[in-house]
Amino acid sequence: MVTSITSFGRSGLYDWMMQRVTAVVLMAYTLFMIGYLLFSSDLSYASWSSLFQNTAMRIFTLLAILSLVAHAWIGLWSVSTDYIKKTSIRFAFQSVCGLLAFIYVVWGIQILWGV
Amino acid sequence: MLVSVYRYNPETDDAPYMQDIHIDIPGGKDIMVLDLLQLLKEKDPSMTFRRSCREGVCGSDGMNMNGKNGLACITALSQVVEKDKLVLRPLPGLPVIRDLVVDMTQFYKQYEKVKPFLINDTPPPAIERLQTPEDRAELDGLYECILCACCSTACPSFWWNPDKFIGPSGLLQAYRFLADTRDTARDERLSELDDPFSVFRCHGIMNCVNVCPKGLNPTKAIGKIRNMLLQRAT
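So the protein lines, in turn, are chains S and V. Under the working numbering, think of the first position of the first sequence as 15, with each following residue one higher. Under the working numbering, think of the first position of the second sequence as 28, with each following residue one higher.
So that you can see chain S by itself, here it is in the shape it has in the complex (with noise of 0.2 Å):
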């Protein structure tokens, strides 16, 4: 068995199975943000903010980063194994992705809930 401390879940098949759970829920979110903004009568900055009013729309937005985010690092971190031959390097561009996917969830909820 091969080990490593940097991969999402430790275990290939917990990463394998996060990447597709969080696939569906980031293409459930594509589709409803298209089909908003295809068949929306009224595109406002009123309607835009009365949807992220709602709480169910919050809860699906934040879903959506948090899958983002984990589907992102797993990504990432399979492309820095893959590619990036020394550790040091390879730990950096782990350290970087880590803390920009951290800003980015914080972010993230600061805008959502400063609707």
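It cannot be assumed that every hint is accurate.
[To be verified] Derived list of chain V stretches under chain S, where covered just means 3 residues or more per stretch with a C-beta under 8 Å from a C-beta of chain S:
(1) 91 to 98
(2) 184 to 193
(3) 218 to 226
[What the hints assert, rightly or not] Which chain V residues face chain S? A few, computed with CB under 10 Å, are given here:
(4) Ala-42
(5) Gln-46
(6) Arg-259
(7) Thr-261
Hints in this document: simulated from the structure, not taken from any laboratory. Glycine is no exception: its CB is placed at the ideal position from the N, C-alpha and C atoms.
Starting from the structure of chain S, add chain V where the hints point.
What follows is chain V alone, placed relative to chain S:
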């Protein structure tokens, strides 16, 4: 026709190079790539390659022919030659020992990891462990692998992580024993594979299926291992 062959002799060459050789095929016949190599060796006895059975059973002469891995002995010139030119290179991703001969150590190490033998801790019966024809049929498409390494050396995931990712060939063998009803070590075998690299580095690129000279499907076997892991964990 023009044959461009990868040449490298570590004792005399600083770096590998491609040697262009013009050769006329006797009688204009459609011969196998291995026959062509034999003709080249008659011209230049230093040309080095592995070969043994010359009928696609031993798996010795796996090489890269015009960009695609395959066995030289069962690949006809008409199948690979384009615009009267053939480029022969060793299997990609493994260290080259000389010319078309690669060092297969890494490949065999991964094979060894999957414990490619039957494990059964129950007392052996007097004659043999029997299987139903249906159970035996589960092994079809798995046991035929000849370990030529064409698949694993065509796999980008194996190129990047040959020490961690078992590779299509090893995983096909892993599934061959996971699917065997006579084997009692299924749980231990699965535990060994449940990490982010051994199985899950497979991204379904399917180069392995594309090149397998025996027409096997490692991607499908890997999918079945994944399902086994999933079923065991949920």
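Each hint, compared with the structure:
1. 91 to 98: Three-residue rule not met by the segment 91 to 98 of chain V, so violated; n is 0.
2. 184 to 193: holds (count 4)
3. 218 to 226: Contact hint for the segment 218 to 226 of chain V vs chain S: holds, 9 residues under 8 Å.
4. Ala-42: violated (21 Å)
5. Gln-46: Violated, about 31 Å.
6. Arg-259: holds (9 Å)
7. Thr-261: At 9 Å from the nearest chain S Cβ, Thr-261/V passes the 10 Å test, so the hint holds.
In terms of the numbered hints stated before, the structure departs from hints 1, 4 and 5, listed from lowest to highest.
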